[in-house]
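Chains as they are written, first to last, in my numbering: chain A, 1 to 108; chain B, 1001 to 1114.
Honestly, the hints are just simulated from the structure, not real lab data. Each residue gets a CB set at the ideal place from its N, CA and C atoms; glycine is no exception. Among the hints, erroneous ones may be present.
Computed list of lysine to any residue pairs in SDA-like fashion (alpha-carbon distance at most 20 Å, straight line) [to be verified]:
hint: 1; chain 1: B; residue 1: K1065; chain 2: B; residue 2: Q1014
hint: 2; chain 1: B; residue 1: K1007; chain 2: B; residue 2: S1088
hint: 3; chain 1: B; residue 1: K1065; chain 2: B; residue 2: T1017
hint: 4; chain 1: A; residue 1: K42; chain 2: B; residue 2: L1111
hint: 5; chain 1: A; residue 1: K95; chain 2: B; residue 2: R1110
hint: 6; chain 1: A; residue 1: K95; chain 2: B; residue 2: T1056
hint: 7; chain 1: A; residue 1: K95; chain 2: B; residue 2: Y1057
hint: 8; chain 1: A; residue 1: K42; chain 2: B; residue 2: D1011
hint: 9; chain 1: A; residue 1: K42; chain 2: B; residue 2: I1012
hint: 10; chain 1: A; residue 1: K95; chain 2: B; residue 2: I1063
hint: 11; chain 1: A; residue 1: K56; chain 2: B; residue 2: G1097
hint: 12; chain 1: A; residue 1: K56; chain 2: A; residue 2: I18
hint: 13; chain 1: A; residue 1: K95; chain 2: B; residue 2: T1017
hint: 14; chain 1: A; residue 1: K100; chain 2: B; residue 2: A1002
hint: 15; chain 1: A; residue 1: K100; chain 2: B; residue 2: Q1014
hint: 16; chain 1: A; residue 1: K100; chain 2: A; residue 2: S52
hint: 17; chain 1: A; residue 1: K100; chain 2: A; residue 2: I47
hint: 18; chain 1: A; residue 1: K100; chain 2: A; residue 2: G41
hint: 19; chain 1: A; residue 1: K95; chain 2: B; residue 2: S1088
hint: 20; chain 1: A; residue 1: K2; chain 2: B; residue 2: T1044
hint: 21; chain 1: A; residue 1: K56; chain 2: A; residue 2: N66
hint: 22; chain 1: A; residue 1: K42; chain 2: B; residue 2: S1005
hint: 23; chain 1: A; residue 1: K95; chain 2: A; residue 2: E3
hint: 24; chain 1: B; residue 1: K1065; chain 2: B; residue 2: T1079
hint: 25; chain 1: A; residue 1: K95; chain 2: B; residue 2: L1111
hint: 26; chain 1: A; residue 1: K42; chain 2: B; residue 2: E1096
hint: 27; chain 1: A; residue 1: K100; chain 2: B; residue 2: F1066
hint: 28; chain 1: A; residue 1: K100; chain 2: B; residue 2: Q1041
hint: 29; chain 1: B; residue 1: K1007; chain 2: A; residue 2: L65
hint: 30; chain 1: A; residue 1: K56; chain 2: A; residue 2: L46
hint: 31; chain 1: A; residue 1: K2; chain 2: B; residue 2: K1065
hint: 32; chain 1: A; residue 1: K42; chain 2: B; residue 2: G1040
hint: 33; chain 1: A; residue 1: K100; chain 2: B; residue 2: S1089
hint: 34; chain 1: A; residue 1: K95; chain 2: A; residue 2: Q70
hint: 35; chain 1: A; residue 1: K100; chain 2: B; residue 2: G1060
hint: 36; chain 1: A; residue 1: K100; chain 2: A; residue 2: Q38
Partial chain B-side listing against chain A, Cβ under 7 Å, derived [as the list claims (entries may be wrong)]:
hint: 37; residue: P1039
hint: 38; residue: S1042
hint: 39; residue: F1061
hint: 40; residue: L1092
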Amino acid sequence: QKEVEQNSGPLSVPEGAIASLNCTYSDRGSQSFFWYRQYSGKSPELIMFIYSNGDKEDGRFTAQLNKASQYVSLLIRDSQPSDSATYLCAVNVDKIIFGKGTRLHILP
Amino acid sequence: SAVISQKPSRDICQRGTSLTIQCQVDSQVTMMFWYRQQPGQSLTLIATANQGSEATYESGFVIDKFPISRPNLTFSTLTVSNMSPEDSSIYLCSAEGQGGTEAFFGQGTRLTVV
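Produce the entire structure from the sequences given, and follow the hints as far as they go.
Shown next, in the form of C-alpha cells:
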C-alpha cells in the first residue's frame, strides 16, 4: 500500500514565525513531490513541487526533500494569517497520492 | 498552469438518481483525474481518464457506479449513479500540468444526496 503520512494538526504558529510542515512517504520509487494549500470550501492549489534532494525556495516557501529518509517538508517564513489553511502533501508514483493534510493556524 | 472549469459547483440530489459532472480544460492534456473528498478528509483518487481508452479505476470504485467519459483531450465527465447519502462528498476533477507530473484542480462539485 503506497502511503503518504502527515500530522493532521492543528499546527498553531504565531504571525511572523516559521511554520514547518512535515510529510513521509512509503514508496521509494516516488519521483515527484508536491505541496498543495486548501482553504476551507475550496479546491487544492499547488504551491510547491520538488523533484531533487535538497531545498527549493519560492518566495516565503521552501520545500525540502530527503529521498533517503523518504521525507519532504514545507517551511513557510514570516507566516501570515492568510497562510491559515490545510496543507496537503502529495507524491507521484504513477498516480498522485495525497496525505490527509495538516491544518495550519497562524495566530495574529 | 491549466485552467479547469467544473460544473455544477454544487447540487442536491434525490437518492436513486444520477448526476453527471463536467470538466473542461483550457488546453489539451493527456491525463485527467477524478477525486472524491469527503468532509474533513483528504483526496481519494476515483479513476484516471485517458482520451481514447477506458478509464482506470482505483480499488473500491467501479465503472457501473462512476462511469467516466473522455471524448477528447480537453473534456471529461464523471457520473455518480444510483446515488445514496453515502455519495455526499466533494468531487474534484484534475488535469496534469505541463511538467507531466503535477495536477491542477477544478473548483469542485459539492454533492449532497437526500
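### Query
Within a Cα-Cα threshold of 20 Å, do B:K1065 and B:T1017 meet the stated pairing?
holds, 11 Å
### Query
Regarding the pair B:K1065 and B:T1079, is the alpha-carbon distance no greater than 20 Å?
holds, 8 Å
### Task
Given the hint that A:K2 pairs with B:K1065, test it: the Cα-Cα distance must not exceed 20 Å.
Between A:K2 and B:K1065 the Cα gap is close to 24 Å, so the pair fails against 20 Å, i.e. violated.
### Task
Take a quick look at whether A:K95 and B:S1088 sit within 20 Å of each other, Cα to Cα.
violated, 24 Å
### Proposed interface contact between B:P1039 and chain A, which counts if any beta carbon pair is under 7 Å
Because about 11 Å separates B:P1039 from the closest Cβ in chain A, which is outside the 7 Å limit, the hint is violated.
### Message
Does B:I1063 sit within 20 Å of A:K95, going by the straight-line distance between their CA atoms?
### Response
The hint holds at about 19 Å.
### Task
Would you check the hint for A:K100 and B:F1066, treating anything up to 20 Å between C-alpha atoms as holding?
Judged against 20 Å, a Cα distance of about 23 Å means the pair is violated.
### Task
Given the hint that A:K95 pairs with B:T1056, test it: the Cα-Cα distance must not exceed 20 Å.
OK: A:K95 and B:T1056 at ~11 Å, within 20 Å.
### Query
Are A:K95 and B:R1110 close enough, with their CA atoms no more than 20 Å apart?
Between A:K95 and B:R1110 the Cα gap is close to 24 Å, so the pair fails against 20 Å, i.e. violated.
### Query
Holds or violated: are the alpha carbons of A:K100 and A:S52 at most 20 Å from each other?
violated, 23 Å
### Query
Quick one, are A:K42 and B:I1012 close enough, alpha carbons at most 20 Å?
holds, 18 Å
### Message
Please verify whether A:K95 and A:E3 have alpha carbons no more than 20 Å apart.
### Response
This hinted pair holds, its Cα atoms lying about 12 Å apart.
When each numbered hint is compared with the structure, violations occur for hints 5, 13, 14, 15, 16, 19, 25, 27, 29, 31, 37, 39.
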